[in-house]
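2 protein chains.
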Amino acid sequence: MIQEIKGGVCAVDGVKAFGVKEGKYGLAIITAKGNAAGVYTKNKVVAAPVIVTKENLETNGGFLEAVIANSGNANAFTGEEGLKDANAMAKSIAEKLGVDPKYIGVASTGVIGRKLHIDKIKEQICTVLPNLAATEKANDEAMKAIMTTDLVPKGFAVEAQTSAGNFRVGGIAKGSGMIEPNMGTMLSFVYTDAEVRSDILHSALKEAVQKTFNMIVVDGDTSTNDMCLLTATGKSGVVIQSFENTSLYEEFQNALETVLKELAKKIAKDGEGATKLIECTVAGAYTEDDAIAASKAIVRSPLVKTAIFGNDPNWGRIVAAAGYSGADFDQSKITLEMSDGCNSVSLVSNGKITKNDDATLDKLKSIMAAETIFIKMDLGTGGKETATAWGCDLTYDYVKINADYTT
Amino acid sequence: MIQEIKGGVCAVDGVKAFGVKEGKYGLAIITAKGNAAGVYTKNKVVAAPVIVTKENLETNGGFLEAVIANSGNANAFTGEEGLKDANAMAKSIAEKLGVDPKYIGVASTGVIGRKLHIDKIKEQICTVLPNLAATEKANDEAMKAIMTTDLVPKGFAVEAQTSAGNFRVGGIAKGSGMIEPNMGTMLSFVYTDAEVRSDILHSALKEAVQKTFNMIVVDGDTSTNDMCLLTATGKSGVVIQSFENTSLYEEFQNALETVLKELAKKIAKDGEGATKLIECTVAGAYTEDDAIAASKAIVRSPLVKTAIFGNDPNWGRIVAAAGYSGADFDQSKITLEMSDGCNSVSLVSNGKITKNDDATLDKLKSIMAAETIFIKMDLGTGGKETATAWGCDLTYDYVKINADYTT
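Protein chains in written order, with the numbering used here: chain H, 2 to 408; chain G, 2 to 408.
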């Protein structure tokens, strides 16, 4: 059984956190000793902190003592100097914590192509370190410190009750624009007090990220800085010993996916300028890739996103987006339904328009006025594969925020 | 030598046109007897008129007598009834022109998933047919009749002077939203008075479309109705006899590409809500596909598009878009420059930021205030491949237009 609990990363035994935010510039530190795994952006332009963290985890046997993350400057496309700065961040807190810098994860988010203000960061380290704590409030400060255009801090934690004992998984994340993660979100730091080997952590994390962070789209831009780190403190005493489909591994995977999915939805809902969350499930696909392609194309489509912003019952755009997604299907077999979670309206059934009268379109309009819109499409191929993607509407405020970001 | 001339499609001998626009609903007819070729949307959801036109050209030996195009309703996702309506459009003008309906091209643009008002169209056919003419004014009426959210009618024509004699190529197009053609634009009708076999026409059209219409992005949505038809009336007496690299075929290809490129740029510039045209050239790629992927990713990126709208000198987003495009390159080798056609500013040279001081960013801001912004990136791979893509900025008006389209 899985149950939501409070406290974010600090809900997990062995984790301390804190953060500070001064204007555009924020800094969070999370300490937690344990086996660890990471997934990172697939952008060819990789930010310096991503390079440093990846190398650390690849060469240190999969272990972290702490994570340091700054907001306001991405330290991306900054060349040798950027690498020096990212290493300096690691070294600076490693010294103060009395650990080797190779056990530090470094993350950055903000403007690309600007030199990091390393002195500012060192100053903020001195403010944050003495305040590290295992409290809900400390978690909140860390969440806020990594926000950029985010309006809402993002954290989630669960407790899993299993026959082997209880364990917890908690995480925080930030992300609002430049969001179509290709294997991480902007930044997410996740912790568990289960005891898990780093190879098992890596496998579980990859699988969970695939179904959660990789299924959200705000604007289709994949960041240079995406990173998701998972650390297991082992403090609960529950040991996940095997990859194989033991029920305990499944319970761990399930708890991890639950946390990542909630964080992913929070990111999509807080997409830059967004007023609504879109959840799109595509079923009846031949392959999972087809289901993923169609569901993501729908939540990525600027035309679908603007229609949802304006409560415009222009559902043809949803069908068109599936059509160009690359997914294999026959238009004469598809089924489309939209709902607000309570009321639903059938728009297409087995390729035939259900009803396009004013009453149907009015009902659709009222459904589209909800805060969360559910789109359900069945491709009707005879295949059984399914996927769910999350996105948000495209609004005046998205344009406003991004037409004037650096200045 | 190629020279711009007036008159759009009516600049070509053997072509008559006219159109009518009443509120949202418009109808254009173009008559021209000759060998013909078409390219169509690759969207899995294919509109009825695309199906009918494609079948006509595939079974009639590649020949057209006339094209009929309506705006206001896409006749897409309309099932058997939609096919009946598209065929009725063809039959209705075929009867009046005294030709076989299989020699008619049918095209539609507008809302998806709504039944065509075939009676309205028949009424408009009666208005348009008696007014068909070979004049510039008649061409203008046809251009206007196919517009939907377009603000500007789009036509272009050239005369090519060759040793074998002079010939002309003229075309019209419409398109403003749902624009990332995957082999056509929304709608484009192109004519030449050269005499060309339909297989040669098809080959020339495919090649030209690849470098022009397929290189524009307004919002990344590929329409269900994209279609580009090319008809050769042969009236100039200039005969293009071969595919091979004869200089005459090259001159024809060149004239055709010139017309299509101008139409493509007009579509990008008139993108929904757009205030600026973006031309992005990516050079130094290993493969042409890499150059295409990178240049299109840059003009497609909502973050690049909003930054250009707001004159925000946030050039890191351009580098990031190339990074996630799938193109192969090393970030330490790239070069980036932006210009307004007169003044230019170097931002990155061989992977190093040229200068990021206030003077550079201010110069970049003033360049970004121009009506056409040129982005030049060299991937520095040692490869020689290059590609140019066109797009537009993303503005409040794009959101406004699309949040309230059907209502």
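Some clues are possibly wrong.
[Stated by the list, open to error] Just so you have them, the derived chain H footprint on chain G, three or more residues with Cβ under 8 Å:
#, segment
1, 69 to 79
2, 131 to 145
3, 297 to 311
4, 349 to 360
5, 390 to 398
Since the hints were derived computationally from the structure, they do not count as laboratory data. Glycine residues also receive a C-beta, built at the ideal position from the N, C-alpha and C atoms.
Taking the hints in turn, this is what the structure says about them:
1. 69 to 79: holds (count 4)
2. 131 to 145: Check failed, 0 qualifying residues.
3. 297 to 311: The restraint on the segment 297 to 311 of chain G holds, since 8 of its residues have a Cβ under 8 Å from chain H and three suffice.
4. 349 to 360: It holds, with 5 qualifying residues against the three required.
5. 390 to 398: holds (count 3)
Checked against the numbered hints given earlier, the structure breaks only hint 2 and satisfies all the rest.
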